[in-house]
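Protein chains: 2
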Amino acid sequence: MKAVIIISGGMDSTAALYKACRDYDAVEAISFDYGSKHNHKEIPFAKYHCDKLGIKHQVVNLEFMNKLFKSDLLKSGGNIPEGHYEQEKMKSTVVPFRNGIMLAIACGYAESIDADKVIIGSHVGDHAIYPDCRTEFNKAINEAMKLGTYKNVQLEAPFEKLRKEDIAKMGNELGIDFSQTWSCYKGGELHCGKCGTCVERKEAFKLAGLEDKTQYEN
Amino acid sequence: MKAVIIISGGMDSTAALYKACRDYDAVEAISFDYGSKHNHKEIPFAKYHCDKLGIKHQVVNLEFMNKLFKSDLLKSGGNIPEGHYEQEKMKSTVVPFRNGIMLAIACGYAESIDADKVIIGSHVGDHAIYPDCRTEFNKAINEAMKLGTYKNVQLEAPFEKLRKEDIAKMGNELGIDFSQTWSCYKGGELHCGKCGTCVERKEAFKLAGLEDKTQYEN
Chain C
1 MKAVIIISGG MDSTAALYKA CRDYDAVEAI SFDYGSKHNH KEIPFAKYHC
51 DKLGIKHQVV NLEFMNKLFK SDLLKSGGNI PEGHYEQEKM KSTVVPFRNG
101 IMLAIACGYA ESIDADKVII GSHVGDHAIY PDCRTEFNKA INEAMKLGTY
151 KNVQLEAPFE KLRKEDIAKM GNELGIDFSQ TWSCYKGGEL HCGKCGTCVE
201 RKEAFKLAGL EDKTQYEN
Chain W
1 MKAVIIISGG MDSTAALYKA CRDYDAVEAI SFDYGSKHNH KEIPFAKYHC
51 DKLGIKHQVV NLEFMNKLFK SDLLKSGGNI PEGHYEQEKM KSTVVPFRNG
101 IMLAIACGYA ESIDADKVII GSHVGDHAIY PDCRTEFNKA INEAMKLGTY
151 KNVQLEAPFE KLRKEDIAKM GNELGIDFSQ TWSCYKGGEL HCGKCGTCVE
201 RKEAFKLAGL EDKTQYEN
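Residue numbers (the numbering used here), protein chains in the order written: chain C, 1 to 218; chain W, 1 to 218.
Any given hint could turn out to be false.
[To be verified] Lysine-lysine pairs mimicking DSSO-like chemistry, simulated, CA-CA at most 30 Å apart:
#1 W:LYS169 <-> W:LYS151
#2 C:LYS151 <-> W:LYS56
#3 W:LYS52 <-> W:LYS89
#4 C:LYS70 <-> W:LYS56
#5 C:LYS2 <-> W:LYS56
#6 W:LYS169 <-> C:LYS151
#7 C:LYS89 <-> C:LYS2
#8 C:LYS75 <-> C:LYS41
#9 W:LYS169 <-> C:LYS70
[What the hints assert, rightly or not] DEER-style ranges, computed between Cβ atoms:
#10 C:ASP25 <-> W:ASN61: 46 to 52 Å
#11 C:GLU217 <-> W:LYS75: 43 to 49 Å
#12 C:GLU173 <-> W:HIS40: 30 to 36 Å
[To be verified] Negatives, chain W to chain C, calculated, CB over 10 Å:
#13 TYR24
#14 SER71
#15 GLY108
#16 ALA110
#17 GLU111
#18 ILE113
#19 VAL124
#20 ASP132
#21 ARG134
#22 GLU136
#23 ALA144
#24 GLU217
Just so you know, these hints were derived from the structure itself, not from any lab.
In this text, a Cβ means the ideal position worked out from N, Cα and C, and glycines have one as well.
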């Protein structure tokens, strides 16, 4: 079985990559530069892990999203809010239908290279504010992908029912050096430690009982 | 109600544009340059009609599809086959999951500008070889769009059950000058008259009992 995996360079998709390399005969990876404040920090980590695993890695430019779409995660948007990842105010960082777009492109690429599956690393913690990370969305887009391709490409969301701390544990068992991943939405020199995804990252290591080797600003 | 319409510059999406301008309070249009042999011929016609109707028109660059995807419709692909649009050999011109990708991007844009619907002009004639034009695909992607957005963006495919000649008739009644649209997949100076989409175009005008003002090569 051959799979295309969507990889951001964050903890979840990196863990999904290592898991896919263990479970599939062939894997290709795809990253998206959609003009977020942190794409330039995370994509090099995606490349680092793909290179390490000998996986072919494509970076697709979706810069138009920065121009046309409304989100504080984008360079064109406002400041990144600070607080817990699942809080209501974090909604300003949602990039409209971003997972839908990434999955659709990965699906077309999968059909082009005769792959059976598209893998995405979204997890339970994403469900609160990201509508296109939820199980019912995954089910519907999987149906669209199957029906819309000759290969009947299918979605695999292996972490759909896991929490981030479970992913951290699994990744640790798979030998991943998580210091070589990026979460911070602000995209500064170091992880800020205060934005939603930094708070979630810290919490995941703590709950998993793992050392957090991330260098935070404070 | 506000809608985002996907417009290629061909007959069907142009007719859908004029219909949408009649039926909706507000309409914005979006075209995609995905590196096909005929994008440079059709997109200016999309722009022409949007300008004429006073509709905001965006062109989204998806040039990566030409590089990564496999299809004879793309500049990177082989020659365009000649014959009837619904023939088996036309499958080489299918761009994997193209409608899925265009709909996903239009959906994200719709959510960004607070639009309720995304309109696409696919019709019965597309069903034979394009899996992502069929009713069951439309139903699944509509579900994914609704579930994946806060606005519950919905798909409208007004020509889903119409044949191209019905669209030609309707467009004629809406006052469309179809000589200002482009179909030919080869993207040459004039319509070739022999490729699948030229054959389908000729047939549509004939069956609709309308004069075909297209200049064909032969």
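Hints, verified against the model:
1. W:LYS169 <-> W:LYS151: 34 Å, violated
2. C:LYS151 <-> W:LYS56: Between C:LYS151 and W:LYS56 the Cα gap is close to 37 Å, so the pair fails against 30 Å, i.e. violated.
3. W:LYS52 <-> W:LYS89: 37 Å, violated
4. C:LYS70 <-> W:LYS56: 17 Å, holds
5. C:LYS2 <-> W:LYS56: With Cα atoms ~41 Å apart, C:LYS2 and W:LYS56 exceed 30 Å; violated.
6. W:LYS169 <-> C:LYS151: Since the Cα atoms of W:LYS169 and C:LYS151 sit roughly 36 Å apart, the hinted pair is violated (cutoff 30 Å).
7. C:LYS89 <-> C:LYS2: At roughly 39 Å apart (the allowed maximum being 30 Å), C:LYS2 and C:LYS89 break the hint.
8. C:LYS75 <-> C:LYS41: OK: C:LYS75 and C:LYS41 at ~13 Å, within 30 Å.
9. W:LYS169 <-> C:LYS70: Distance ~39 Å between W:LYS169 and C:LYS70 Cα, so the pair is violated.
10. C:ASP25 <-> W:ASN61: 46 to 52 Å: 34 Å, violated
11. C:GLU217 <-> W:LYS75: 43 to 49 Å: For W:LYS75 against C:GLU217, whose Cβ atoms are near 46 Å apart, the range 43 to 49 Å holds.
12. C:GLU173 <-> W:HIS40: 30 to 36 Å: Given a distance of about 52 Å, which is not inside 30 to 36 Å, the answer is violated.
13. TYR24: Consistent with the label, W:TYR24 stays out of reach of chain C, its closest Cβ about 19 Å off (over 10 Å).
14. SER71: 8 Å, violated
15. GLY108: 4 Å, violated
16. ALA110: 8 Å, violated
17. GLU111: Its Cβ does come within 10 Å of chain C, the nearest being 4 Å, so this is violated.
18. ILE113: 8 Å, violated
19. VAL124: W:VAL124 is indeed farther than 10 Å from all Cβ atoms of chain C, at 16 Å.
20. ASP132: 4 Å, violated
21. ARG134: Label violated. Min Cβ-Cβ 7 Å, cutoff 10 Å.
22. GLU136: Violated: least Cβ distance 5 Å, not greater than 10 Å.
23. ALA144: With a cut-off of 10 Å, W:ALA144 comes too close to chain C, as the shortest Cβ separation is near 4 Å.
24. GLU217: 31 Å, holds
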